[in-house]
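Please build the complex by placing chain V on the supplied structure of chain X, with the hints as guidance.
First to last, the protein sequences are chains X and V. Note that the working numbering numbers the first sequence so that position 176 is 176, with each residue one more than the last. Note that the working numbering numbers the second sequence so that position 70 is 70, with each residue one more than the last.
These are calculated hints, taken from the structure and not from any lab test. Source: prediction; values computed, not measured. Where is the CB? At the ideal position from N, CA and C, for every residue including glycine. Only true hints are included.
Here are some, though not all, of the chain X residues that point toward chain V, as calculated from beta-carbon distances under 10 Å: (1) Trp20; (2) Ser180; (3) Val205; (4) Gln213; (5) Lys215.
Residue-level listing of the chains:
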Amino acid sequence: MTSLPSFSAKDFKSDLKPIWCPGCGDFGVLQAVYRALAAVGRPAHEIAFVSGIGCSSRIPGYTTAYGFNSVHGRALPIAQGIKLANPDLLVLAAGGDGDGFSIGGGHVPHAIRRNPDITYIVMDNQIYGLTKGQLSPTSPKGLKTATSGYGSLENPVNPLLYVLAYGAPFVAQGTPADMSGLAQVIEEAIRYPGFSFVNVQSPCVTYGEEEGQVKAQKARMKTLQSLGHDPADQLRAIDLARSSGTELYTGVFYRNPEPAPTLDALVRERKEQLGKDALPRERILELFLQR
Amino acid sequence: MATLMGIDFAALSLKDALDLAVLIEEEAKERYEDFAQQMELHHTPEAARFFRFMAGNEERHRAELSARRLALFGGEPRRVTRGMLFEVEAPEFDEVRVFMSPREALRVAFRAEEKAWAFFVEAAPRVGDEGVKELFAELQNEEVHHQRLVLAELEKTPPESALEHADVADDPVAQ
Numbered sequence: 001m002t003s004l005p006s007f008s009a010k011d012f013k014s015d016l017k018p019i020w021c022p023g024c025g026d027f028g029v030l031q032a033v034y035r036a037l038a039a040v041g042r043p044a045h046e047i048a049f050v051s052g053i054g055c056s057s058r059i060p061g062y063t064t065a066y067g068f069n070s071v072h073g074r075a076l077p078i079a080q081g082i083k084l085a086n087p088d089l090l091v092l093a094a095g096g097d098g099d100g101f102s103i104g105g106g107h108v109p110h111a112i113r114r115n116p117d118i119t120y121i122v123m124d125n126q127i128y129g130l131t132k133g134q135l136s137p138t139s140p141k142g143l144k145t146a147t148s149g150y151g152s153l154e155n156p157v158n159p160l161l162y163v164l165a166y167g168a169p170f171v172a173q174g175t176p177a178d179m180s181g182l183a184q185v186i187e188e189a190i191r192y193p194g195f196s197f198v199n200v201q202s203p204c205v206t207y208g209e210e211e212g213q214v215k216a217q218k219a220r221m222k223t224l225q226s227l228g229h230d231p232a233d234q235l236r237a238i239d240l241a242r243s244s245g246t247e248l249y250t251g252v253f254y255r256n257p258e259p260a261p262t263l264d265a266l267v268r269e270r271k272e273q274l275g276k277d278a279l280p281r282e283r284i285l286e287l288f289l290q291r
Numbered sequence: 001m002a003t004l005m006g007i008d009f010a011a012l013s014l015k016d017a018l019d020l021a022v023l024i025e026e027e028a029k030e031r032y033e034d035f036a037q038q039m040e041l042h043h044t045p046e047a048a049r050f051f052r053f054m055a056g057n058e059e060r061h062r063a064e065l066s067a068r069r070l071a072l073f074g075g076e077p078r079r080v081t082r083g084m085l086f087e088v089e090a091p092e093f094d095e096v097r098v099f100m101s102p103r104e105a106l107r108v109a110f111r112a113e114e115k116a117w118a119f120f121v122e123a124a125p126r127v128g129d130e131g132v133k134e135l136f137a138e139l140q141n142e143e144v145h146h147q148r149l150v151l152a153e154l155e156k157t158p159p160e161s162a163l164e165h166a167d168v169a170d171d172p173v174a175q
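For reference, chain X alone in the conformation it holds in the complex:
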């Protein structure tokens, strides 16, 4: 019997040093990702990590996985393309709330309905940090920023409700205030066979509100497990997700107990079906030349 190789978090840490502001929540997310990848046990060369643009989208470069810091809001289409091209890869997508729910917001429902086996991690800091603190889609109403001097008049997008409403089969939330819990939900999301979504409340230390910082999150976070929530209960998950913004729940909101076939599996199946009746390449060439 041969033993499988085991990995430690260090195996996924690249030589590139993060340039995030000291104290940024994204450092915690990165640590949790390292741990989750070590627990999943796939070597770095079997992992593709795609991101959009923004502070958080730097994350693939800080791992030893294949990384693509792509185009603003387009992490999901690229991740889906990679998964279809090479279904054997473990594919992760990541980005900020602006990347995922503003410019990239249109891609989220389509990724959900196609159900590729990828994991999407949104590092939600409720602000555009990279461009110096403008309102983002998840900024709370009333927030004063560079672009809302008198306070935001807009209601925030609720990422959890958004993805649950479109039927995402795995929806979880974590915070770097509970790094071990965050590592666990990311690991669980990766292991889920289908589209999995993890919203991480990852505070911006430079432009974020004091009450949103990690220390404050520690005081207010509640695990869904402690509430006795059953992740198979989709309606209860929606109900709990509605309180996002007032409550900070962590853990798995929803996990479809009967996972549907993934897009990559369906594509593989279709290829096999069509392949049976397909003409050999030489015959196709002959037919082409006869015309």
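Frame of chain X, contents of chain V only:
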């Protein structure tokens, strides 16, 4: 204990406890190195120097414990992993800030040493093995000693300026 995942203290042998102690020091060393790198990158050289110094200390402790483990148990395989612990002696990742003063950096280290002490205090009553109990008591005392060293250093460090860095610095520059 929030910092621990899946450690059965009652079943811990001296070898496991030494391995755990080595991993705790390793985690702390890496965190101080990360902090030093962040401070260097963000133009906060005094705090960076202090965090490098702390990383060196943690590495020395790690090497001492590692040598002890090797002398007692040779190359016997390890049963405990880094996945079982989180920030026992390592300062919490969000403790640092751009332009933090040397005194603030010292306070970060002090809180980390307090945290490590609390870990061993909480773990002690759960331990079954006598050798592990002795080791944990020793490590607990060491943490107290480290706290005293940091406090002594704080005494020598000049007080902070009444100005906050935000009073004198430009807005943070986008990356």
